[in-house]
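There are 2 protein chains.
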Amino acid sequence: MSRKVEIYDTTLRDGTQAEEFNLSVEDKVRVALKLDELGIDYIEGGWPGSNPKDARFFREIRDYRLRHARIAAFGSTHHPRKEAHLDENLKALLEAKTPVVTIFGKTWTIHVKEALKTTLERNLEIIEASVRFLRPHVEKLFYDAEHFFDGFKEDPDYALETLKRAREAGADVLVLCDTNGGTLPHEIVEIIREVKKHLGKKTVFGIHAHNDSDCAVANSLAAVLEGAVQVQGTMNGVGERCGNANLCSIIPNLVLKMGYECEAGKNLHRLTEVSRFVFEVANLPHPRHLPYVGRSAFAHKGGVHVSAILRHPRTYEHIDPERVGNTRRVLVSDLSGRSNIVYKARQFGLELSAEDPVVGRIVEEVKKREAEGYEYEAAEASLELLMYQLLGEPKRYFELLGYRVLDLRPSEDGPPLVEATVVVRVPPGVGEVEHTAAVGNGPVNALDHALRKALERFYPQLKEMKLEDYKVRVLPGIPGTGARVRVLITSRDHHRQWGTVGVSEDILEASCQALIESYTYKLYLDRKAKGGS
Amino acid sequence: MSRKVEIYDTTLRDGTQAEEFNLSVEDKVRVALKLDELGIDYIEGGWPGSNPKDARFFREIRDYRLRHARIAAFGSTHHPRKEAHLDENLKALLEAKTPVVTIFGKTWTIHVKEALKTTLERNLEIIEASVRFLRPHVEKLFYDAEHFFDGFKEDPDYALETLKRAREAGADVLVLCDTNGGTLPHEIVEIIREVKKHLGKKTVFGIHAHNDSDCAVANSLAAVLEGAVQVQGTMNGVGERCGNANLCSIIPNLVLKMGYECEAGKNLHRLTEVSRFVFEVANLPHPRHLPYVGRSAFAHKGGVHVSAILRHPRTYEHIDPERVGNTRRVLVSDLSGRSNIVYKARQFGLELSAEDPVVGRIVEEVKKREAEGYEYEAAEASLELLMYQLLGEPKRYFELLGYRVLDLRPSEDGPPLVEATVVVRVPPGVGEVEHTAAVGNGPVNALDHALRKALERFYPQLKEMKLEDYKVRVLPGIPGTGARVRVLITSRDHHRQWGTVGVSEDILEASCQALIESYTYKLYLDRKAKGGS
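Those protein sequences? They're chains A and B, same order as listed.
Numbering follows the UniProt record's numbering, with no gaps: position 334 of the first sequence is 334.
Numbering follows the UniProt record's numbering, with no gaps: position 187 of the second sequence is 187.
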C-alpha cells in the first residue's frame with residue numbers, strides 16, 4: 001500500500017536567496033503556473049512582510065485559476081516587543097490572502113538570545129501567539145521550526161517545547177528545518193525518532209533541508225521514511241549557499257523507487273521540461289549532470305556498449321529516462337563504432353545499415369577528426385553536415401575564398417581597432433563574388449560581422465539566427481600559445497538550437513570553421529523545412 | 001575512539017568518463033601530484049588495457065616520488081575465452097608497474113550473460129583466476145564488484161558468491177559498486193547488513209557510488225557507518241552521467257562531523273585549493289554551489305546579519321570555512337576581503353596589517369577586477385604585481401607602445417598567414433624603442449614570438465622561460481562572439497612556475513595582458529633573486 005507525501009516548493013522564496021537566481025514578478029507567475037501544471041501541492045510565493053515585490057506576486061497570482069496547487073505566503077513569528085494582532089509582518093501575511101501560510105519560529109536557544117534578543121520563555125509565547133492569531137484566517141497553517149536540528153543538539157527539551165507550542169496553537173504540520181544544512185542523514189533519523197518519542201508517533205511533521213553537507217536529498221528521503229508527510233525543496237536544488245533539497249531528485253526517488261504517491265508523481269514525464277523551464281526563465285544554464293533531468297543524466301559513451309544499451313537499457317540505466325521526460329543520449333566519442341553512427345544518423349532522419357560501407361567511412365572520418373581535436377558531442381550540426389558530405393550530398397550554399405583580420409592597438413592606452421575583410425562566392429563555384437569588411441570588439445566578432453554582412457545579401461534569413469554561446473578550449477599537446485584550439489558555437493533561430501565545431505592552431509581559423517558550419521546548417525534547415533535540401 | 005577510512009580517488013579514470021572532463025597525460029600527472037599533496041591514499045590513474053594514453057601516465061608518474069599516495073591501475077577480469085596468464089588486459093595491468101591494482105568483475109547475472117556472454121559458473125572462475133593471477137605481483141589488490149547492489153537485488157546468492165571467490169583468491173578489499181547509481185541510502189544499509197551476515201562481520205569492504213539518485217555522498221557515508229574501510233570517489237564528484245561520489249564533500253563530512261580519520265583529513269585546509277585546481281587544469285568552471293569548497297558555500301547575504309555572523313559564525317555556518325580552506329564571503333561588504341588580502345600578501349613576503357588603508361584599496365581593486373572577469377586563484381603572479389602597483393612600487397621593465405596582428409587566409413584551402421608587429425620601449429618612459437615583427441601558427445603565438453624577439457635583446461634571461469599552458473574561458477554575459485574572454489597563462493623557468501591573467505572582449509588584447517605580466521614577473525623574480533627589485 002502506498003503512502004502519500006505532499007510536495008512544498010519554495011523555489012520562489014528560498015530559491016531566490018541563491019546568488020545568481022533572480023526572478024521578476026512576471027517570471028515568478030510563469031514559474032508558479034508551470035509548477036501547478038507539474039502537480040506541486042504547495043507553492044511558496046514569497047515573504048510579503050520583507051519584500052514589496054512579493055506582495056505584488058500574491059496579488060497577481062490570484063487572477064489565475066490553478067489546477068491543483070495552493071499558494072503559500074511565508075513569514076516570521078511576531079516581533080518580541082509587539083503583540084500578534086499589531087505586528088506588521090503577520091498583517092502582511094494575511095494581506096497576501098493565500099489559502100496557506102507558513103510561519104517560522106526560533107528553535108535554537110542561541111538564536112533566541114542573539115537574533116531575537118529575547119528570553120526563552122518569551123520566544124515560546126511568541127510562537128504560540130503567532131500561530132493562534134493566524135489560525136482562523138487560513139485553510140492550512142504550517143510551522144517551520146528554523147534551525148531545528150542544531151537547536152535540538154544544543155537543547156533538546158527546549159527544541160521539543162517550541163514544537164509543542166506550535167502544535168497546541170493549531171499548526172497543521174510541524175516542519176523540521178535544517179537551516180544551516182549541516183545535519184547528516186543518520187542524525188536526521190535519530191533526532192526525528194526522539195521527536196516522535198516525545199510528541200507522539202502520530203506527530204504530523206515535514207522536512208526542509210539544505211545541501212551544505214551534500215546530503216539534502218538523502219536527508220529528505222530519510223525523514224519521509226521516518227514518517228514526514230511534507231517535503232520542502234526547490235527546483236534543481238537552487239538556493240542560498242549550496243542550495244536547498246532538490247525536488248527534481250526527491251520526487252522521482254519517492255515515486256519510482258520508494259512507492260510513495262504525490263500529485264506530481266502523476267506528471268513525472270514532465271519533470272525534465274519543468275526543471276529546464278525554471279532555469280530558462282531565470283536565464284541560468286541547466287547543469288548537465290543533474291540527476292534525472294540533466295542532459296548528461298542518461299548519456300552513454302562507448303561503441304561496444306551501445307548495442308547492449310539498446311537491447312537492455314535497464315541494465316545500464318537506473319530508470320527509464322522517458323518516465324521523467326528525459327532522453328537517452330548515445331555520445332559519439334573516440335571509442336565510437338558503427339552502431340553509434342547508425343543511431344545518430346537515425347536521429348538526423350537518415351536510415352543507414354551498420355553493414356553499409358559508408359558507415360565505415362563515417363566512423364573512420366569521425367575518429368580521424370576526433371584525434372585532431374574535433375568533438376561532436378556538443379556539435380551535432382557539424383556531425384550531420386559531415387555525414388551528408390560523406391554520403392556524397394555536401395550541403396554548401398556559399399564558399400569563403402579568403403579573409404583577413406587586422407587587430408591593431410596603436411598606442412599603449414587606446415582600445416584595439418579590429419577589422420575583418422572577407423571574400424565569399426554565392427553559390428559556390430559559379431556564383432557572384434562578394435568582398436566586404438566590418439569591425440568588431442574582438443577579432444572573432446569582427447569576422448562574424450563581416451561574414452554575415454557578405455551573406456545576408458543573398459540569404460536574408462540569416463538575420464533570424466543568433467549566436468548563443470561561444471566556447472574555446474585549448475587542446476592538450478603542444479604547450480603554450482602554439483597549442484591547437486577547439487571552438488564550439490551554439491546558435492539558434494526562432495525554433496531551433498544547434499551546435500558546431502572548428503579546430504585549428506589559429507583561433508580565428510577555428511572560429512571561422514564553426515561560424516561557417518553554423519550559417520550553413522541554418523540554410524540547410526530552412527531548405528529542409530521547405531521540402532528541398 | 002576514531003576509526004580510520006582510506007580514500008581512493010578515481011578522478012583520473014572514472015572522472016574522465018564525464019562528458020566535458022578531458023585531461024592530457026601532463027594534466028593527469030599534475031592532478032596526481034596535487035592529490036598526493038592533499039593526502040589521498042590511493043590514486044587510480046587509468047585503465048592501461050583500454051587506453052594507450054593511460055599506459056603513458058603510469059610510465060611518467062614513476063619518475064616522481066610521492067609523499068603518501070599509492071598509484072592504482074584499473075582493469076577488468078580476464079576475457080572469458082582466455083586464461084588469466086595469457087590475457088592482454090591483465091598483462092597491461094602488470095606492465096603499469098603500480099603498487100596497487102583494482103580489478104572489476106561482474107556481479108549482476110544479466111551482465112554476465114549479456115555483456116560477458118558466458119555462464120554464471122565461468123564468471124566465478126574468471127573472477128577467482130584473475131585475482132589469483134595478480135595477487136603475487138602487487139602490494140594491494142582491490143576487487144570492484146561492478147553493479148553489486150543491482151546484482152544483489154536480482155540474485156543475492158550469486159552476488160555474494162562473486163565476493164567470496166574474490167576474497168578467497170586474495171583480494172584485500174571488496175569494493176561494492178553502485179555502478180548505475182540508482183540505489184538509495186536505506187537500501188545500501190540493508191544490503192551491506194546482508195553481506196556481513198553471510199560473509200562475516202569482519203569482511204573488509206569499500207564503497208563506490210554514483211550520483212544518479214542524488215545520494216552518492218549519503219550512500220558513501222552510510223556504507224562507512226556500516227563498516228566500509230575504503231571510499232572511492234572523485235574530486236568535485238566529476239564523472240559519467242550524474243557523476244561519482246564527491247570526495248570534496250565526503251572527506252570533510254567524515255573528518256569534521258563523524259569522527260573518522262584519514263590522511264587527507266590532516267590537510268583539510270587545502271581541500272578548496274585542490275578542488276579548484278583540478279577543474280582549473282581541466283578548464284572547467286568551478287560550480288559555485290559545491291558544498292564545502294564552492295565560492296558560494298559560505299556566502300552570506302544581507303547587512304543585518306553581518307555582525308551576528310562575525311560574532312557567532314557557528315550559528316550561521318555548519319563548519320568554520322577555514323577548516324576546508326574556503327572563506328566566508330559577506331556579500332556587499334568589504335569585510336570578507338581584508339583578511340584574505342593580508343594572508344596572500346604574507347605569502348608574497350609583504351607584511352600588511354588589516355587596518356592599513358592600502359589593504360582596503362587592494363580589496364576594492366581586486367573586487368572591481370573580479371567583477372570585470374579577472375580571477376586570481378590561478379594567477380597569483382598577476383595578483384602580486386597588482387599589489388606592488390597599489391603599494392606604489394610598480395614592477396615595470398618595459399612598455400608596449402603598440403601592436404598589430406594580421407591573420408590572413410588568402411585562399412580557401414591555403415593555410416592562414418599570421419604576422420604580429422610590436423613596438424616596445426625598454427626601460428619604460430625613457431629607454432630605447434624597439435620595433436619588430438614575427439610570424440606564428442596563430443595570432444596569439446605570433447604576438448608571443450614578436451614580444452619575445454623585441455625583449456630578449458634587452459633581457460636575454462627571457463629565453464629561460466617558457467609558456468606551459470594557455471587557457472581561454474568565455475565569460476557569461478553578452479552571448480555569442482561579442483563576449484568577454486579571460487586568458488590564463490602558466491609559465492615556468494628552471495626553478496619556478498607562475499600564472500597570469502588577462503581579460504578583454506578582444507582575445508588578443510586579453511592574451512597580450514597575460515603575456516606581458518608573465519614576462520614582467522619573470523624579470524621581477526630574477527631581480528628579487530639577485531637582491532634587487
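Careful, some of the hints might be misleading.
Which copy? The list can't say, so a pair holds if one copy fits it or any two copies do.
[To be verified] Restricting the straight-line Cα-Cα distance to at most 16 angstroms, the calculated cross-link-like pairs of lysine to aspartate or glutamate (EDC-like) are: (1) K53 x E370; (2) K153 x E317; (3) K471 x E26; (4) K266 x E393; (5) K117 x E37; (6) K164 x E226.
Note that these hints are calculated values from the structure, not bench results.
Task: Which numbered hints fail - done: 4, 5, 6
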